[in-house]
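Q: Sequence:
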Amino acid sequence: MFLDLDANDASKPAVGIVIAVISSFINGSTFVLQRKGILLSRQRGVSYLKDVVWWSGTVSMVIGQIGNFLAYNMAPAVIVTPLGALGVLFGAVLSSWLLEEHLNILGKLGCLLCCSGSGVLILHAPASECVTSRPELEERLADPVFVSYMLVVVLMLLVLIGWMAPAYGTSNIMVYVSICSLLGSFTVPSSKGLGLAAHDVFGGDAWSGRTLALFLVLLGTLGTSVLVQFIFINKALEYFRSDVFESVYYVTFTLAAMLASALLFKEWTALTATDCLAVLCGFTTVCVGVTLLRMSQEASLSWKVAGTCMKME
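Be aware that the sequence shown starts at 299, since it is given in the working numbering, and climbs by one per residue.
Hints are not guaranteed to be accurate.
Said to hold, decoys possible - In silico lysine to any residue, SDA-like type, Cα no more than 20 Å apart, as pairs:
hint: 1; residue 1: K406; residue 2: F323
hint: 2; residue 1: K406; residue 2: V391
hint: 3; residue 1: K533; residue 2: C585
hint: 4; residue 1: K533; residue 2: V450
hint: 5; residue 1: K533; residue 2: L458
hint: 6; residue 1: K310; residue 2: T582
hint: 7; residue 1: K533; residue 2: N470
hint: 8; residue 1: K348; residue 2: M593
hint: 9; residue 1: K533; residue 2: L456
hint: 10; residue 1: K406; residue 2: K533
hint: 11; residue 1: K533; residue 2: K310
hint: 12; residue 1: K533; residue 2: V515
hint: 13; residue 1: K533; residue 2: S345
hint: 14; residue 1: K406; residue 2: M593
hint: 15; residue 1: K406; residue 2: L387
hint: 16; residue 1: K310; residue 2: I320
hint: 17; residue 1: K348; residue 2: I364
hint: 18; residue 1: K310; residue 2: S431
hint: 19; residue 1: K348; residue 2: W461
hint: 20; residue 1: K406; residue 2: C585
hint: 21; residue 1: K533; residue 2: L517
hint: 22; residue 1: K533; residue 2: V350
hint: 23; residue 1: K533; residue 2: T356
hint: 24; residue 1: K533; residue 2: V586
hint: 25; residue 1: K533; residue 2: S523
hint: 26; residue 1: K533; residue 2: V418
hint: 27; residue 1: K406; residue 2: V586
hint: 28; residue 1: K310; residue 2: A496
hint: 29; residue 1: K348; residue 2: L338
hint: 30; residue 1: K533; residue 2: V344
hint: 31; residue 1: K533; residue 2: I320
hint: 32; residue 1: K533; residue 2: W461
hint: 33; residue 1: K533; residue 2: W353
Everything labelled a hint here was simulated from the structure, so no lab data went into it.
With the hints as constraints, model all of the structure from the sequences given.
A: Written out as structure tokens, the structure reads:
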């Protein structure tokens, strides 16, 4: 991120896309490896913090996040974000091999609808206005609409973490998914902002204490967001299938990141009637896909319970 690359270099978007593709495959393996480690440690009666497989998934997550950070600063987010669907598909294949978590027909259809709906949303999302300087970024971050939205997100997170997670987290996958996805509202803006602030702080240009303060605030926000996501992702993987969690998480994370980006860069002002209709259709498709994935998981759990009862008899 601190490489001396020309901002007008035509090769930067191509390199960013390549990095995003590689990161998607790495991210697709993280949930599977972490859940595998959790299950193995549970069988041995030890903490998953002592499991090598879990740590391999954690290292993969770190590498994937670094790749995402670089990709968001080298290529448009509207291109980088949909490439995360590759990780969802790769994770589904890997989970069926390592964890024997096979999706039934409802799960496969739900996964397909989620990826298709997300693709429609991203294709019809207007390209963000270019923010090429730190002062312009500061102006956007101070916009009352964006600030109000972030305050609402923080309030929702406090309710989810303080009340919903302890009461319903282990029984409803959407609690942990919502926490991790809402934190995505901070991830993409922070990643883009760090790239601009770092250019002033480390690029040798004139900078002030305000520039350094902005850099540290964005870095702290990004670090806190990633850390809290990491904690609740592992909580979710203790109770829910990795393929279902990854599919639902990708969709909701994409929606939260797109909404935050639309407000920060005022993308909503460029939406046409056709775009609005397409976004509505895409969102409906995603909702149907998420519903089918949850039905798939409930059906799988029912079959496991029935099978256990038959063995006991």
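Q: If a hint holds in the structure, say so; if it does not, say that too.
A: Results for each hint:
1. K406 with F323: Given that 20 Å is the threshold and the Cα spacing comes to 19 Å, the pair holds.
2. K406 with V391: holds (11 Å)
3. K533 with C585: Violated, at about 23 Å.
4. K533 with V450: violated (24 Å)
5. K533 with L458: Holds. K533 to L458 sits at ~14 Å (cutoff 20 Å).
6. K310 with T582: violated (34 Å)
7. K533 with N470: Holds, because 12 Å separates the two Cα atoms, which is no more than 20 Å.
8. K348 with M593: Between K348 and M593 the Cα gap is close to 34 Å, so the pair fails against 20 Å, i.e. violated.
9. K533 with L456: holds (17 Å)
10. K406 with K533: Distance ~24 Å between K406 and K533 Cα, so the pair is violated.
11. K533 with K310: Since the Cα atoms of K533 and K310 sit roughly 37 Å apart, the hinted pair is violated (cutoff 20 Å).
12. K533 with V515: violated (27 Å)
13. K533 with S345: holds (13 Å)
14. K406 with M593: Within the cut-off at roughly 11 Å; holds.
15. K406 with L387: Holds, because 10 Å separates the two Cα atoms, which is no more than 20 Å.
16. K310 with I320: Holds, at roughly 15 Å.
17. K348 with I364: violated (24 Å)
18. K310 with S431: holds (18 Å)
19. K348 with W461: violated (30 Å)
20. K406 with C585: holds (15 Å)
21. K533 with L517: violated (24 Å)
22. K533 with V350: OK: K533 and V350 at ~18 Å, within 20 Å.
23. K533 with T356: Judged against 20 Å, a Cα distance of about 14 Å means the pair holds.
24. K533 with V586: The given pair, whose Cα atoms are some 25 Å apart, is violated under the 20 Å limit.
25. K533 with S523: holds (16 Å)
26. K533 with V418: At roughly 31 Å apart (the allowed maximum being 20 Å), V418 and K533 break the hint.
27. K406 with V586: holds (12 Å)
28. K310 with A496: Given that 20 Å is the threshold and the Cα spacing comes to 17 Å, the pair holds.
29. K348 with L338: Holds - the C-alpha atoms of L338 and K348 are around 10 Å apart, at most 20 Å.
30. K533 with V344: Judged against 20 Å, a Cα distance of about 16 Å means the pair holds.
31. K533 with I320: violated (26 Å)
32. K533 with W461: holds (15 Å)
33. K533 with W353: Satisfied, since the Cα-Cα distance of roughly 15 Å is no more than 20 Å.
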